[in-house]
Amino acid sequence: MTSSAVPASQSPAGEPRGKPLGWSSARRVGSRVPRSIWPLIAFLVLFVIGGLIRPNLITVDSLIGTATFAIILSIASFGQTIAVIQAGIDLSVPNTIAFSALTFLGLVGPLGPAGAFSAALVAGAVIGLLNGVVISKLGLTPIVTTIAMNGLLFGVILLVFNFSELTAIPEFILAITSAKISVLGLETAAVLPLGLALMAVLQLVLSFTGWGRSLFVVGSAAEAARLGGLPVDRIRIGGYVLSGVLAAFAGVVIVGYYQQASATMGASYLLSSVAAVVVGGASIFGGRGSVVGTVGGALVLAQVSTLVAVLNLGANIQQLIYGVIILLVISLYGRRANN
Amino acid sequence: MSVAAPARLPRSAGITRLRREGAIAPITAFAVFFLVYVIINPELLTRFQLQTASNLVVPLALVALGQLLVVLVGGIDISIGAIMSLCNVVFATQLEHVPVPLAILLAIGVGLACGLFNGLLVAYGGLPAIAVTLASAFIFGSLAREVLDRPGGGITKAIYLATSGELLPYLPVSLVWLSVVAVLLWLLLQRTALGRHIYGVGSNMESVRAAGLDARLTKLLAFGLAGMVTSLGAMMLAASTVTGDPRSGDAYLLSSIAAVALAGAAFTGGRGSIIGTVLAACTLGLIGNLLFFAGVNSYWQYVISALIIFTVVGLPVVWGKVAFAVKGRRP
Numbered sequence: 000m001t002s003s004a005v006p007a008s009q010s011p012a013g014e015p016r017g018k019p020l021g022w023s024s025a026r027r028v029g030s031r032v033p034r035s036i037w038p039l040i041a042f043l044v045l046f047v048i049g050g051l052i053r054p055n056l057i058t059v060d061s062l063i064g065t066a067t068f069a070i071i072l073s074i075a076s077f078g079q080t081i082a083v084i085q086a087g088i089d090l091s092v093p094n095t096i097a098f099s100a101l102t103f104l105g106l107v108g109p110l111g112p113a114g115a116f117s118a119a120l121v122a123g124a125v126i127g128l129l130n131g132v133v134i135s136k137l138g139l140t141p142i143v144t145t146i147a148m149n150g151l152l153f154g155v156i157l158l159v160f161n162f163s164e165l166t167a168i169p170e171f172i173l174a175i176t177s178a179k180i181s182v183l184g185l186e187t188a189a190v191l192p193l194g195l196a197l198m199a200v201l202q203l204v205l206s207f208t209g210w211g212r213s214l215f216v217v218g219s220a221a222e223a224a225r226l227g228g229l230p231v232d233r234i235r236i237g238g239y240v241l242s243g244v245l246a247a248f249a250g251v252v253i254v255g256y257y258q259q260a261s262a263t264m265g266a267s268y269l270l271s272s273v274a275a276v277v278v279g280g281a282s283i284f285g286g287r288g289s290v291v292g293t294v295g296g297a298l299v300l301a302q303v304s305t306l307v308a309v310l311n312l313g314a315n316i317q318q319l320i321y322g323v324i325i326l327l328v329i330s331l332y333g334r335r336a337n338n
Numbered sequence: 000m001s002v003a004a005p006a007r008l009p010r011s012a013g014i015t016r017l018r019r020e021g022a023i024a025p026i027t028a029f030a031v032f033f034l035v036y037v038i039i040n041p042e043l044l045t046r047f048q049l050q051t052a053s054n055l056v057v058p059l060a061l062v063a064l065g066q067l068l069v070v071l072v073g074g075i076d077i078s079i080g081a082i083m084s085l086c087n088v089v090f091a092t093q094l095e096h097v098p099v100p101l102a103i104l105l106a107i108g109v110g111l112a113c114g115l116f117n118g119l120l121v122a123y124g125g126l127p128a129i130a131v132t133l134a135s136a137f138i139f140g141s142l143a144r145e146v147l148d149r150p151g152g153g154i155t156k157a158i159y160l161a162t163s164g165e166l167l168p169y170l171p172v173s174l175v176w177l178s179v180v181a182v183l184l185w186l187l188l189q190r191t192a193l194g195r196h197i198y199g200v201g202s203n204m205e206s207v208r209a210a211g212l213d214a215r216l217t218k219l220l221a222f223g224l225a226g227m228v229t230s231l232g233a234m235m236l237a238a239s240t241v242t243g244d245p246r247s248g249d250a251y252l253l254s255s256i257a258a259v260a261l262a263g264a265a266f267t268g269g270r271g272s273i274i275g276t277v278l279a280a281c282t283l284g285l286i287g288n289l290l291f292f293a294g295v296n297s298y299w300q301y302v303i304s305a306l307i308i309f310t311v312v313g314l315p316v317v318w319g320k321v322a323f324a325v326k327g328r329r330p
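Quick note, the sequences are listed as chains W and S, same order.
0 is the number of the first residue of the first sequence in numbering that gives the first Met the number 0; add one for each residue after it.
0 is the number of the first residue of the second sequence in numbering that gives the first Met the number 0; add one for each residue after it.
Be aware that a few hints might be false.
[What the hints assert, rightly or not] Simulated restraints on C-beta separations:
| # | chain 1 | residue 1 | chain 2 | residue 2 | range |
| --- | --- | --- | --- | --- | --- |
| 1 | S | VAL321 | W | GLU222 | 45 to 51 Å |
| 2 | W | ASN161 | S | PHE47 | 31 to 37 Å |
| 3 | S | PRO98 | W | ASP232 | 58 to 64 Å |
| 4 | W | LEU137 | S | LEU183 | 31 to 37 Å |
| 5 | W | LEU110 | S | VAL321 | 38 to 44 Å |
| 6 | W | GLY108 | S | GLY13 | 46 to 52 Å |
| 7 | W | SER206 | S | PHE292 | 52 to 58 Å |
| 8 | S | PHE47 | W | ILE48 | 55 to 61 Å |
| 9 | W | LEU110 | S | ALA293 | 33 to 39 Å |
| 10 | W | ASP232 | S | PHE33 | 55 to 61 Å |
[Claimed, not checked] Stretches of chain W that chain S covers, calculated by requiring three or more beta carbons in the stretch to come under 8 Å of a beta carbon on chain S:
| # | segment |
| --- | --- |
| 11 | 56-70 |
| 12 | 263-277 |
If you are wondering where the hints come from, they were derived from the structure by calculation, not from laboratory data.
Note that the structure is predicted; figures quoted are calculated from it, not measured.
For every residue, glycine included, the Cβ atom is placed at its ideal position computed from N, Cα and C.
So here's chain W without its partners, still in its complex pose:
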């Protein structure tokens, strides 16, 4: 307890140093660069490497293709980002995605597209609320709570939905996801600008609102925040509600883009959503992370999968490279947070 006061006092900016230039100052400059920049730089490097291997990969179409794949993973990982920032984790993302997607398709008949869309988001909010209440009021670990919630949702999905009826996908959703639109003369799927807009809004909320900042405080020092008079439980529950709503939104987007829904449609996002967040530079211990970084992380993973597809290496090698990338990223900045 007493030793934790020491590191805080040893970082005044004007401290005189023996060596004014060199590696240490370069590192200090490096540490001032926002972390969310690095995955974007890594993506550009991978993009250029791809171009060196296959020159026809350096085209706007190829960039948009990779970005579209990345933005869908990003949308599915935004909720995870919020959960990780506040020192939690949301392993109920997969079945929240499936549950909201199926809720949307099931209710679109009686309620209409807008009503069903709202219902799906409300479902996500309720899931997040339950997660948040159990974690902060009952004191269960986030991992255990969200795993149990994920299982619970799987059961509900299998019990409630009649899969043979869920085929019609309304125009409204297609229009905001898979429809081709033209932005500044570029042909792209509508989900790309939608995802980027969502990223901008979320980043503004995280960076510039009191509630957004309080998520980081709760994530890095919950006890200090409590002593400082912040309503830690309420902030945390709010974070999980937002996480649930975002996962639910991802469910509707994925249904619109891939035009199919099933009970296991979210399964692949269990690990890949955490992977995108970690590669995006967030600390798995909380208090650090950004949605821009998550998009960068997803871009890196998507570019790897493009390269693997072009070189015809197979999906196994892609997974192997994902694992190596995560190891590289955490060895670059996972250590400081530990002890």
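For chain W, the structure is supplied; the task is to place chain S on it using the hints.
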């Protein structure tokens, strides 16, 4: 603080220890569950059903024990499903080429190697366990599909009988194997220095280090041991289903963590018991069966498992809060 009390009260020492390790709740839960099960389906106590039920439960119990070892040193293993898949396919494919004992040793060796890989990065690399094992989940999973990309392998009837048949009437072999592993692990954790260090590292890393013990080596060994125990679960699964399957471990990632949670283990480390974990795995593993015999749609098993976890893990917390509130009001 935990040394003096059990020494003075030798008869209640076991109970005290179980209570400290959080095992009372899962043991009670299992007792209630087992009673309900036998009332609804007395047929459980027939030879065939005992055998099927234990074949269903034993792989989960073994993998949960692996997860428990990692949780005891304050870690968590996201790659445990992938380790299981990898050992499963290594075992199944090697049976086509080498004698059975060698195939078993190879599978255990692979599990050990996977565990040591995680353990090295966590203990000596100083990296967070959850992130390391997330990465290795991708790596081990892809290796498993490289070894065998679709269900198959050379598991024979003899291997099925040796792992999943009956030793004596009413005594399934798989339960015997589980008991052997559980007892050996219990002896290791409770009766050897390494075992006590594993609990110590999880409950207070700094004190262990200050006492001059090698905390990092202890962590590394716990991960390695966890990999070995997981490989045993993988082989039991491969043998009882008579196939090797590169995706067979996927479902065990979440259910092994659920079982350890239900066992009352602390995810900060240092608390958790073998018996609690085994019984928690039995409870979670048999819910689907129970519902089937009760004539309920077996999809309810996912909902009920979650509710059991919330109840068993959450109830003591609520109880503690209520007790605290009541005590706090006294002058």
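query = Honestly, do PRO98 of chain S and ASP232 of chain W meet the 58 to 64 Å range at C-beta?
reply = holds (59 Å)
ask   = So the hint says 55 to 61 Å: do the beta-carbon atoms of PHE47 of chain S and ILE48 of chain W match that?
value = Given about 59 Å between the Cβ atoms, the range holds.
request  = Mind checking the hinted window 46 to 52 Å against the Cβ distance between GLY108 of chain W and GLY13 of chain S?
outcome  = violated (60 Å)
ask   = SER206 of chain W and PHE292 of chain S, beta-carbon distance inside 52 to 58 Å?
value = holds (56 Å)
task = Test coverage of the segment 56-70 of chain W by chain S using CB-CB distances below 8 Å; three residues minimum.
result = With 0 residues closer than 8 Å to chain S, the segment 56-70 of chain W misses the three-residue bar; violated.
key: Verdict for ASP232 of chain W, PHE33 of chain S (Cβ pair) under range 55 to 61 Å   = violated (37 Å)
request  = Confirm or reject the claim that LEU110 of chain W and ALA293 of chain S have a C-beta distance inside 33 to 39 Å.
outcome  = Taking Cβ atoms as reference, LEU110 of chain W and ALA293 of chain S lie about 35 Å apart, which means the hint holds.
request  = Look at the Cβ atoms of VAL321 of chain S and GLU222 of chain W and judge whether their distance stays inside 45 to 51 Å.
outcome  = With Cβ atoms ~23 Å apart, the hint is violated.
query = Lying within 31 to 37 Å: is that true of the beta-carbon distance ASN161 of chain W to PHE47 of chain S?
reply = holds (35 Å)
query = Per the hint of 38 to 44 Å, is the separation of the Cβ atoms of LEU110 of chain W and VAL321 of chain S within bounds?
reply = holds (41 Å)
task = Mind checking the hinted window 31 to 37 Å against the Cβ distance between LEU137 of chain W and LEU183 of chain S?
result = Given a distance of about 35 Å, which is inside 31 to 37 Å, the answer is holds.
ask   = According to a criterion of three or more residues whose C-beta lies within less than 8 Å of a C-beta of chain S, is the segment 263-277 of chain W covered?
value = Our answer is that it holds, as 4 residues pass the Cβ test (under 8 Å) against chain S, meeting three.
Going through the hint list in order, the structure does not satisfy hints 1, 6, 10, 11.
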